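Chemist: One letter stands for each residue in the lines below.
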Amino acid sequence: MKKTYKISARGRDEDISSLVASQLFTPLLEKNLVDGILLPRKSSAGGIVASLLKNPDLSEVYFTSPVQLVNAAQLVSDLTFKEPGDKVAALLRPCEVRALVELEKLQQVDLEHLLIIGVDCLGTCEPAEFKRLKEEQGDEHIAERAEALRAGQVGDFPRREACKFCQDPEVPLADINLALIGSGKEEVLLEARSEEGEKFLAELNIEEAESSETRKELLEALIRDNKAAWEQELENFAARIEDISGLIEVLDLCRTCFNCRTACPICYCRECVFTTLTFEHEGRKYIKWAERKGSIKMPSDTLLFHLTRLNHMGLSCIACGQCESACPSDIPLLKIFKLIGERAQEYFSYIPGENLEEPLPLTTYQEDEFEPK
Amino acid sequence: MAEFEPKIVAFLCNWCSYAGADLAGTSRIQYPPNTRNIRVMCSSSVDPIYILKALLNGADGVLIGGCHPGDCHYVSGNYKARRRITLVKQILKQFGIDEKRVNFKFISASEGNKFAETVSSMVDDLKELGPNSLKTNWEI
Chain R
0 MKKTYKISAR GRDEDISSLV ASQLFTPLLE KNLVDGILLP RKSSAGGIVA SLLKNPDLSE
60 VYFTSPVQLV NAAQLVSDLT FKEPGDKVAA LLRPCEVRAL VELEKLQQVD LEHLLIIGVD
120 CLGTCEPAEF KRLKEEQGDE HIAERAEALR AGQVGDFPRR EACKFCQDPE VPLADINLAL
180 IGSGKEEVLL EARSEEGEKF LAELNIEEAE SSETRKELLE ALIRDNKAAW EQELENFAAR
240 IEDISGLIEV LDLCRTCFNC RTACPICYCR ECVFTTLTFE HEGRKYIKWA ERKGSIKMPS
300 DTLLFHLTRL NHMGLSCIAC GQCESACPSD IPLLKIFKLI GERAQEYFSY IPGENLEEPL
360 PLTTYQEDEF EPK
Chain V
0 MAEFEPKIVA FLCNWCSYAG ADLAGTSRIQ YPPNTRNIRV MCSSSVDPIY ILKALLNGAD
60 GVLIGGCHPG DCHYVSGNYK ARRRITLVKQ ILKQFGIDEK RVNFKFISAS EGNKFAETVS
120 SMVDDLKELG PNSLKTNWEI
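Residue numbers (numbering that gives the first Met the number 0), protein chains in the order written: chain R, 0 to 372; chain V, 0 to 139.
Derived from the structure by calculation, the hints contain no laboratory data. Quick caveat: nothing in here was measured; it's all calculated off a predicted structure. Do not rely on the hints blindly, as some may be mistaken.
[What the hints assert, rightly or not] Simulated pairs of lysine-lysine, PhoX-like, Cα-Cα distance not exceeding 20 Å: (1) 198/R to 86/R; (2) 52/V to 284/R; (3) 296/R to 134/V; (4) 372/R to 113/V; (5) 292/R to 6/V; (6) 53/R to 41/R.
Model the full assembly from the supplied sequences, consistent with the hints where possible.
Modeler: Now the structure itself:
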């Protein structure tokens, strides 16, 4: 099911963010169809941060924000995990919806009470890059970025490592999808991707339209380019960690801050084993371990931490790269997790983030599979 | 120099494999003394972190023993353990750690012989592989 609708400027001079705000987000709130909308908004200091909006006066919202400080699936979990309201809407990028699908399977979100508004994405940049662009160009690059999105052109806009290799410019599922790539001038095409989405769009009197002629082609080209970039990157990188000593080398500057874990939308445990008493040892134990090997690295268990995380969330890793963005030591975590995760996912014939019906590989089994038999 | 004797950490399920190991002992079956046995309530309670911690702290191999299909005290723990351990092996293999270092076997309470055979053949395999290189690496 994919009915297309259209929001158009009809000659008014509006950028697409305020266009969508005035014709979609504001009416959603004014008509009390949702309790609130989670979406990026400009802060007074000029940053663009995720915010939960209640006031229908939606100035300064940017649904095409070029920066993404957290994977918003985590925020949806905050909003719906405990006593959710009737309905909250969330504007989510592809990697956020994919994470959301995994969190649903891990029972960390409540999709019943959520209206998913998907939005196309060509990638976001690191916060530091955003700051630089803001200082150099003011707000101009934000508008430029939105136009580039409509044209499906990546251009030379700086992108996070994950975004360079991302093969999901559109959301896998949504209620309403803002199909920006391929939208014509002064308009934004919307897709109703669920019955509920259709119901909402009908209620808002948004007009039906023809689907974009160029969209499919543009999406395919984007996927093709990024896939090629990933394959090229692998040529150098895969061999580097073929051996455990290679991985140890790559993790050399890890300070065990757990930022990667905190930033990871899939790592949902309220209490992670690595910050429990299990890893609090008596001083003399460290001395004993050091005695055995001559010395030990402190803090210890760096490799154990990363390998354990790979095992715990690798099958659900949707390669959003927030781990790497959060790493103060620039460790290529995205590449490690994407490479190892995808191979493991392939082994279990599982694609994370795609299908709510498909169970997590580790929660199910078949009687006749793998070894031993 | 004395021959390399691999150290194996064995996680054995309370209901089947631990009793199997016990039977091997009470039946006085001869097998190499290379395992350090840890009784667990179910093979599926062996989180990857246990396996990894053992290997990273110098064990040459990890053996996990669970009930035969259909015999699990908790209905399907052994099947789930099989998937989980398959994942651990699959991930370790990608970093060049031989799959043989992690070994999951179905051993029932009546299979003292199978337990002894499993340990013997695992010791042979590990001797062939040589010591686990992480044993002496301080930078992990």
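Chemist: It remains to establish, for every hint, whether it holds in the given structure.
Modeler: So, going through the hints one by one against the coordinates:
Annotation: proposed proximity of residue 198/R to residue 86/R holds, straight-line Cα distance about 14 Å (limit 20 Å). Proposed proximity of residue 52/V and residue 284/R is supported: the alpha carbons are some 15 Å apart, at most 20 Å. Taking the CA atoms of residue 296/R and residue 134/V, the gap is near 14 Å; set against the 20 Å cutoff, the hint holds. Taking the CA atoms of residue 372/R and residue 113/V, the gap is near 14 Å; set against the 20 Å cutoff, the hint holds.
Straight-line distance between C-alpha atoms of residue 292/R and residue 6/V comes to about 16 Å, which keeps the hinted pair within the 20 Å bound. Restraint check for residue 53/R and residue 41/R: satisfied, since their Cα atoms lie roughly 15 Å apart, inside the 20 Å limit.
Checked against the numbered hints listed earlier, the structure breaks none of them; every hint is satisfied.
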